[in-house]
Structures are given as structure tokens and as C-alpha cells.
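> Chains as they are written, first to last, in the numbering used here: chain B, 4 to 426; chain V, 4 to 426; chain P, -15 to 144.
Quick caveat, the hints were computed from the structure, so don't treat them as lab data.
Virtual Cβ for every residue (Gly too), placed ideally from N, Cα, C.
Among the hints, a few may not be true.
BS3-like mimics (lysine-lysine), calculated; alpha carbons at most 30 Å apart, straight line [stated by the list, open to error]: (1) Lys76/P <-> Lys305/V; (2) Lys145/B <-> Lys77/B; (3) Lys77/V <-> Lys137/V; (4) Lys50/P <-> Lys305/B; (5) Lys194/B <-> Lys163/B; (6) Lys137/B <-> Lys77/B; (7) Lys305/V <-> Lys50/P; (8) Lys228/V <-> Lys194/V; (9) Lys163/V <-> Lys145/V.
Facing chain P, a subset of chain V residues (Cβ under 10 Å, in silico) [to be verified]: (10) Pro69; (11) Arg70; (12) Lys77; (13) Tyr91; (14) Ala94; (15) Thr95; (16) Arg98; (17) Tyr298; (18) Asp317; (19) Asn319; (20) Ser321; (21) Cys322; (22) Ser329.
According to the in silico footprint, chain B covers these stretches of chain V (three or more CB under 8 Å from chain B) [stated by the list, open to error]: (23) 117 to 123; (24) 232 to 242; (25) 278 to 289.
Chain by chain, the residues:
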Amino acid sequence: DIVEKKQEARNPFFRVTELTDTTESAEVWGQNFPFQYDSYLRTVDMERTRHGGSESVLRDPSEDDPREVTSQSKLDHLPALRRMWAGYAFATDFREERGHAYMLEDQIFTERQAVGQPGTCLNCHGSMVVPWLKAGDGDLIKGFEALNPLPYDSARAEVKHPISCIDCHDPETMQLQVTRPGFMEGIKALKASQGVQDYDVNRDASHTEMRTFVCGQCHVEYYFKGSEKRLTFPWARGTSVDSIYAYYADAGFKDWTHAETGAPMLKAQHPEFEMFSAGTHASAGVTCADCHMPYRRLGAQKVSDHHVRSPLLDVNASCMTCHRDSEEALMARAVTIQDRHAGLRDRALNALVDLIDDIVAAQQRGVDEAVLDQAREYQRKASFYVDFVEAENSTGFHADQEAARVLAESIDASRLGQRVLIR
Amino acid sequence: DIVEKKQEARNPFFRVTELTDTTESAEVWGQNFPFQYDSYLRTVDMERTRHGGSESVLRDPSEDDPREVTSQSKLDHLPALRRMWAGYAFATDFREERGHAYMLEDQIFTERQAVGQPGTCLNCHGSMVVPWLKAGDGDLIKGFEALNPLPYDSARAEVKHPISCIDCHDPETMQLQVTRPGFMEGIKALKASQGVQDYDVNRDASHTEMRTFVCGQCHVEYYFKGSEKRLTFPWARGTSVDSIYAYYADAGFKDWTHAETGAPMLKAQHPEFEMFSAGTHASAGVTCADCHMPYRRLGAQKVSDHHVRSPLLDVNASCMTCHRDSEEALMARAVTIQDRHAGLRDRALNALVDLIDDIVAAQQRGVDEAVLDQAREYQRKASFYVDFVEAENSTGFHADQEAARVLAESIDASRLGQRVLIR
Amino acid sequence: MPAADRIPYFRTVKRLPPIAITLAGLLFGLSMFTFVYADGGSYLSNDAAACVNCHVMNPQYDAWMKGSHARVASCNDCHAPHGNLAAKLAVKGINGFNHSWAFTTGRYEERLRATPMNAQVTESACRFCHEPAVHQTITLSKDELSCIRCHASVGHNTRN
Ligand SMILES: [Ca+2]
Ligand SMILES: [Ca+2]
Chain B
4 DIVEKKQEAR NPFFRVTELT DTTESAEVWG QNFPFQYDSY LRTVDMERTR
54 HGGSESVLRD PSEDDPREVT SQSKLDHLPA LRRMWAGYAF ATDFREERGH
104 AYMLEDQIFT ERQAVGQPGT CLNCHGSMVV PWLKAGDGDL IKGFEALNPL
154 PYDSARAEVK HPISCIDCHD PETMQLQVTR PGFMEGIKAL KASQGVQDYD
204 VNRDASHTEM RTFVCGQCHV EYYFKGSEKR LTFPWARGTS VDSIYAYYAD
254 AGFKDWTHAE TGAPMLKAQH PEFEMFSAGT HASAGVTCAD CHMPYRRLGA
304 QKVSDHHVRS PLLDVNASCM TCHRDSEEAL MARAVTIQDR HAGLRDRALN
354 ALVDLIDDIV AAQQRGVDEA VLDQAREYQR KASFYVDFVE AENSTGFHAD
404 QEAARVLAES IDASRLGQRV LIR
Chain V
4 DIVEKKQEAR NPFFRVTELT DTTESAEVWG QNFPFQYDSY LRTVDMERTR
54 HGGSESVLRD PSEDDPREVT SQSKLDHLPA LRRMWAGYAF ATDFREERGH
104 AYMLEDQIFT ERQAVGQPGT CLNCHGSMVV PWLKAGDGDL IKGFEALNPL
154 PYDSARAEVK HPISCIDCHD PETMQLQVTR PGFMEGIKAL KASQGVQDYD
204 VNRDASHTEM RTFVCGQCHV EYYFKGSEKR LTFPWARGTS VDSIYAYYAD
254 AGFKDWTHAE TGAPMLKAQH PEFEMFSAGT HASAGVTCAD CHMPYRRLGA
304 QKVSDHHVRS PLLDVNASCM TCHRDSEEAL MARAVTIQDR HAGLRDRALN
354 ALVDLIDDIV AAQQRGVDEA VLDQAREYQR KASFYVDFVE AENSTGFHAD
404 QEAARVLAES IDASRLGQRV LIR
Chain P
-15 MPAADRIPYF RTVKRLPPIA ITLAGLLFGL SMFTFVYADG GSYLSNDAAA
35 CVNCHVMNPQ YDAWMKGSHA RVASCNDCHA PHGNLAAKLA VKGINGFNHS
85 WAFTTGRYEE RLRATPMNAQ VTESACRFCH EPAVHQTITL SKDELSCIRC
135 HASVGHNTRN
């Protein structure tokens, strides 16, 4: 059509330097795109909002962990999490997430490394395109398969940067691209479950969808499949918490065994993509980039703000192109949703702790194993459900009704678990 | 401002006939306002939507109940309601509500009349301004106080029409007016709790607020206070379900005693105003009339559609004043919210029935009364909370996150009740 | 959504009995009259006031007057194709007929909405004027990134 033709005709960018799929350093890309690069650098900023952002906490650097600043501990903020994750590495160190600039160092130095992690971890914490292409001799998937099963430290020797331009952009056209095999395979399975065969995200997704999908490469629930430790997104039945829970049941998968109760547990991780997809903004066609990378005016041009962060730090830029309320009113509406969510989340965590207490007591009483197993199954569900919306970092905002629904089911499961123990 | 001036400048009404505060019949008003009157008459239509509207069900007219058509029974649709209300008149007859045209006859002929209702009932089911002025010798409040304590049949002898123009409009200026003492007093108490003294709704409310308040005269939770059976809206602590529950605790009020468990119960009735106020549309400044009485073009004129009904019967007219999605997309978004809500409501009703079962069993087992009373208190709460959002007739739409939150708390209360029985 | 779904009068014609078709014929004549009549006055004119020959356009007109573009763009700047004269005439012809027919029969939805064709025309219009500003952002697109999705209120904010 006419519009497309016109676009092809013009050469969009003034290129100071040539970019290829071996150009890893953002600094080099920044020569062509200084505005994007400058804002990308600002992801080092730490500023908190009522429920999000991040707070800089000073620490004494040690040999093991030379960081002088981290973000606040979520375990201290929500002590129930320690009970929920008893026996799992998350119970030792779990912090509020912060800007993209920190992704590599925060992963390297988290105490969760103590248990010995695989190379797979790097998928979402580093600029992986070049390392994968290298390890796979020009084949991205092969490289991915080569690095996953390595011990973390050997794999990380190949990785030099946190996320860089090449992880989201095609260096030739600058178009958005998905570079993560986990997402390519996950979305393909998801589409297949909806009757769409052979979905190729980089070929078939619309530009608008890509504005969400590039984030969905990392901000998703995942697990390491099999001994190859293949990074897998559990979407073959759908992306709702129910579908994912059923998927793990089918796969006979567990993340760990609960230290207090012996239940076979699941850990949910940052399912922003999944929860967001179930919300009002998604169904209205809004994308991650709309809120987290709003356009900004720079002279006569407008550019996407690559300072990816909480939109509540600048409601004016993020929300007010679409919404015409005052900043205060919009902020108040967002916070009302979040506060209501936080209250309900606390209620769900309480219920879960009650269940854990009851199972522990029942074990001491010597209740029948078959009955205990029923209660443990409830614990597994209640825990995964509340974790799913708590690990989702918007404090309910991305999908408020759905998040409340999930919390309600978590509460129900915790309480039903208590009930079976006392027949 | 200019807009107002302009409106004043043109003489808006061609008055065929003079209207006064004794002009009761809508037909007479209709001579001046034929379009509003015509649409008002169409509230006899019955058409169902996925979750709302109403369905016409044929019945054999009897002497006691000459109606040939009613709407579907909600007791048959949700059998758990019978258990929830055991021992209360609602368990014998409770139907889907239908258009305003039916309000008087549906009240007269409901089987709930068997228990002997007071005149107070008529507040919201008839055109009351003229009867009250008459009974109070020109004093509305006096008339209200005079009719409330009468037996229903004597009071109803004074009432000739279902809701009429005069119940919402000042006959001289045609401005919206609140005519219900219950609302005047309820909103005054609510404002006082927020630090606003001496609130007079007809003096102090903005025009926009009035577009919601006229509906809040009836679509609200209420009770009959004291032996004078004064119609009272329990808002002195706020309009959230929690505030209202606390209000009734303070007042030591109960609606009935549960037939199976002996719990002192509360019944919630159509708190559309209260729930809606906690939702996104309200916080964005949208009013009841925006959706339920959208403007329609009539030549160059715009008139409010007085065919008050489900907005989902005409999404184009109702929603697309503000939303730019297609009708199909908007309908799908509304129905997604409602379906999710309905699923969670069923879960909450199941939990409540489980609790009732457990209390009944515990009574048979001879569990300690003090323990039983704790469980009954949980039943009272669980029941009121789920009823609050089920009696609210939008199937969650008016305030989706809040409704899910309330259901979650209902589930928690039901399950906690089960827990206390088995210490 | 296919345009036909939103233009009830097209579908209705198929189902109507012969007498109604005759009637429709009459209406067609009448609407051609409306078309020709309105055409001279509006469809070929760039004067915004001309579009509001039809009072159904009043809300858009009023909102446009108050909007950010009243001084810089009139109706046709956004609702008629730029550049290609043939395309311009074709779009105007189709719209002229559609709107006249709708106006004459009175068969159109309570809330107007641009047809997919007209939405496309408008999107192109945004790009025509704002090419410098959105140069980087749109040249990235492999397909279109709708401007209206974020700038819904730009032309005339008739929605709240
Ligand atoms: Ca954060
Ligand atoms: Ca109804």
C-alpha cells in the first residue's frame, strides 16, 4: 500500500557507523542514535514509587559481592515470603528489581548463585546475540543450546554486557526483533494451542505486537526443561495462571521441595507478559512500550524513551497522551488499584502461612500421609497462585481484576488445604 | 460559562401544559416532552443479555397474582441462593429485575409480600412525591414518615404509578432533583463522615453528580430503621462493603436468623450506587445516566434516552460516546469482565454452602456454642460480602477489581468459618 | 471489521421485498440529489463549515474548532488523500455517496465512526504533515503503527 512504499523509499537514518550482527556494544550503536543511547544509559537511576521503582540501599562491598549499592530486600518487606519459599534459594536473597543497567551484576552477585546455577540464567540478564552466534558458529539456536547447560561461570565468561540494542533491534533495518529462542518457541506453542500453525514471531507479528513481544522475551514465567536446561516458557496450554499450573502438572515438574512441609513446589517468576495480556490495557491494544518507553520530544523529532522504568515516575509522559485526567488524578487511580491489590495479596499470604502452619502441626500429629499429600497439593497451588501475582511487578496494575481473581483462588486453596487436614 | 449561557438563552421547552408538583402522571409531562415520554414507556421491553437485561417468562395468572409475564427466577439460576437465604423471604421468590415500568406490580405480587411488608417498600417502587406531599400536608418528609410504618396494602392505596417524571425532575425548571429522604439523609451522613457538614444534596451537588444521585435514590443498600420503619441507607461510615458491614455491627442489626444455622444474618440489596462508586468509571467521572440513559440524536436535538436498561443492548449508543473500539470489541471486553466475575462468584457461593454444611454438621455433633457462634459470625460476613456483589446487578462490571476483592474476602471468611469449627 | 457490517443499509437492501426496493430506488434518487446538492457545497470544498451542511457533523465540527488543529488543518486535510488527485476524487466520491445515502435514509448508527478506508486516509494524512517529527519512529515500522491509538483526540475530541 501507499504508506509502505513511501517508507521504503526514504533512508531513515543518518549512519555514522555501520552496524552488523556482531556489533554488541551499545556505545557503538549510540553513535548513530545518540538520543536513544543517552536514555538507555539512564537505567542506572534508582528512584522508588509507592509500590515500585527501586530504592538504593548502601552495602559494604565484599570480595564475593563488590556492589556498593543494591535495592531493598523484598524478604524484609514481606516476611511471609520466607515461609512460602522455605528451602529454596529465593528465601535467602530476593530484592526489588531495578533498572536494566544492573541486570548482569545483580544476577552475578545474588546469593541465589550459591546453589550453582546453569548458563541458562544469562538468557535474560545479558546481551546474548553475539555470544550465541559465536558459540553456535553463526547459528543462534545452536549457540543457545550450547550455553544453557554450562555452569553459570563458564557461560558468563562469554557475556560482556547487560541488555544491548542488538537484543531488540535488527542492526540493518532497526526494526524490532525477537532474539530469544525461548520466546520464539513459547509463542509458537501458544499460537498452536489457539489453532495457528507454524507461527514465526519475527515474520508474523505486527509492529504493534512487537512493542510488547520484545519485553516478553524476559518478563515472563519460565523453567529449565530437562538436563539440557533448555529455557522454556510454559505456554502450550495458554498464558493464564490456570493453564500454566496445568502445564506443570502435565510435565510432572517441581522447582523445589518445601522445607517445612515436603510439598513439591512451583516458583513463579515475573509473569508480566502473561498477566498484562489478561488485562484491560492489553485488550484495548496498548503495549509495554507505550507506558514504559513513551515517546519524548527532542527538538523536531520524537524518540522512544529508552530509560525503561516505572511509568509512575513520569505520569505525564507515560499516561497522559491517552488519558486526559490530571496527573494527580491518574496517579491516584493507579495507586487505588495498587493499594487494593496489596491488601488482598497480604490476605492471601496470611492464608498460605496458616496452611503451612497447619501442615506442620498435622505432620507432628502424625496425620495420614494421603491426607497430608492432599494438603500439600493445595499448598502447591495456593503458593503458585499468590506468587504469580506477587512476582508480577506491577502490584496488580497490569490486570487488576484478574490479579484479584487469582488471589481469591489462592486464598480458597489455602483454606481448603487447612480443611482437608481435619476431617 | 458560555455553554450555560447559551442554554439559558434558548427557551428549551415548548410548554403545551403547565407542570406542578402535583402533576403525577407521566402522560401529562409527555405532552411537553414527547420524546422522553416515548422512550420512558419503552421500559416495558424485555430482552436479555448474556448476564443481564431480562427474559420474559409466561405464567398462569392467578387471583393472587394476575401477571401473565414475569422475568426468570434467579433462585433457579443460582440454587445456592436458597441455602444462603434459608428462612428468609428471598429464598421463596427472587427474580431478575426488569424495566422501570414493572416496578410497582413486581413489588405488589412478589411472594415476598406473604410475610407482611411495611409501606417503606414503596419508596423505590412507586411515584412517591405526590402521595408524600398529600400525606404530609405539603411536607415531603412528614409524608414519608407517615407512610413508612403503614402496612404495605394501606400505603400502596395512595400510590398510583411506578416511577414518574416528578421523581427525578423539578416540574418548573426540569432540573434533576433528589426526592427521596433516604438518599438526602444517607448522603448527608456520608459527607459528614468525610468532614463535610450540613450537606444538602439538592443545593450542593453538581449537575454531573445528580446524573448519578437520582439513581442512587433507589439502587442502593438499605434497611428499615426502628419501629418507624424509616428507610435508611447505612452510609455513616462510608459506602464500601466493609464500612457498611461495620455500620450494621454497630447498630446491632440483623435482617433474619438463618434457618439452618441460627446465624444472625444480613441481606444485601442492589448496592449499584455503592459498588459503582468504588469502580474505575466512577473515579473517571462517568455517571449512571451516561451509560443507562445515553443521549440520542433526534434531528438536530439531543435527548436523554429514558428507556433505562442494560447498556449492552446498544453498545454503540451507550459506550461509544466515550470509547473508540468497535462494538464487538467493547462487548467482548465487558463480557470478559462479567464472565470472570461470574466464575468467582460461583466459587464464593460454593464456599458459603460448604460453611453452612459444616455448621449444620457441627451443631449435630454438639460442638460448643461459643465456637458455633464464631462460625456463625463468619457466615454472616461471608454471606453479606458475596451477596453485596451478587445483588449488585452489573455482574462485576461497575467495579471489577473491587468486586473480586469482596468475593475474595467472602471466600476467606467462609473457609475461616469452617476452620474454627474444627480446632 | 468489514465495512459492510457497519453500514446496515447495504445489508438491509438484500433482504427487502420488491416494494421496498422501489422505495429504495426513490431514496437513491433522493440521495443522489442530496449528494449533488451537498457535493457542490462540501465534498469538493476545503471549507470546514461546508461539511457541517449536515448537522450530524456538528459534534466533530465543534470539537475541531476547540482542538489543536483548527488553525492548521481543515476537514479535508485529514479526510481526503494527499497528493494523488484520482485517489482524492475516488475517496470523495465514495464518501459523498455513502454519507448522502445515510443522511437521506437516516440509517446510520448513533455514534459515527470512520470506515476502515477513511481511517487509513486519515492515518496517511498525519504522516503527510508530521513526517519530520515521526521520521525515526515510523520508518522502523514494518507495518503501520496507528497514530490514532495514542492521539485519538487530535482532530476533534468528541469522545470523553
Ligand atoms: Ca522495581
Ligand atoms: Ca435485569
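> Now tell me, hint by hint, if it's right for this structure.
Each hint tested on the structure:
1. Lys76/P <-> Lys305/V: holds, 28 Å
2. Lys145/B <-> Lys77/B: Outside the cut-off at roughly 37 Å; violated.
3. Lys77/V <-> Lys137/V: violated, 37 Å
4. Lys50/P <-> Lys305/B: Within the cut-off at roughly 25 Å; holds.
5. Lys194/B <-> Lys163/B: Outside the cut-off at roughly 34 Å; violated.
6. Lys137/B <-> Lys77/B: violated, 37 Å
7. Lys305/V <-> Lys50/P: holds, 20 Å
8. Lys228/V <-> Lys194/V: Satisfied, since the Cα-Cα distance of roughly 20 Å is no more than 30 Å.
9. Lys163/V <-> Lys145/V: holds, 19 Å
10. Pro69: violated, 38 Å
11. Arg70: violated, 33 Å
12. Lys77: Status violated, d = 31 Å.
13. Tyr91: violated, 42 Å
14. Ala94: Hint violated; Ala94/V Cβ to chain P Cβ min 42 Å, cut 10 Å.
15. Thr95: violated, 42 Å
16. Arg98: Constraint on Arg98/V not satisfied, violated at 31 Å.
17. Tyr298: Constraint on Tyr298/V satisfied, holds at 9 Å.
18. Asp317: holds, 8 Å
19. Asn319: It holds, given that the least Cβ distance between Asn319/V and chain P is near 5 Å, below 10 Å.
20. Ser321: holds, 9 Å
21. Cys322: With a minimum Cβ separation of about 9 Å from chain P (threshold 10 Å), the hint on Cys322/V holds.
22. Ser329: holds, 5 Å
23. 117 to 123: violated (count 0)
24. 232 to 242: Our answer is that it is violated, as 0 residues pass the Cβ test (under 8 Å) against chain B, missing three.
25. 278 to 289: holds (count 3)
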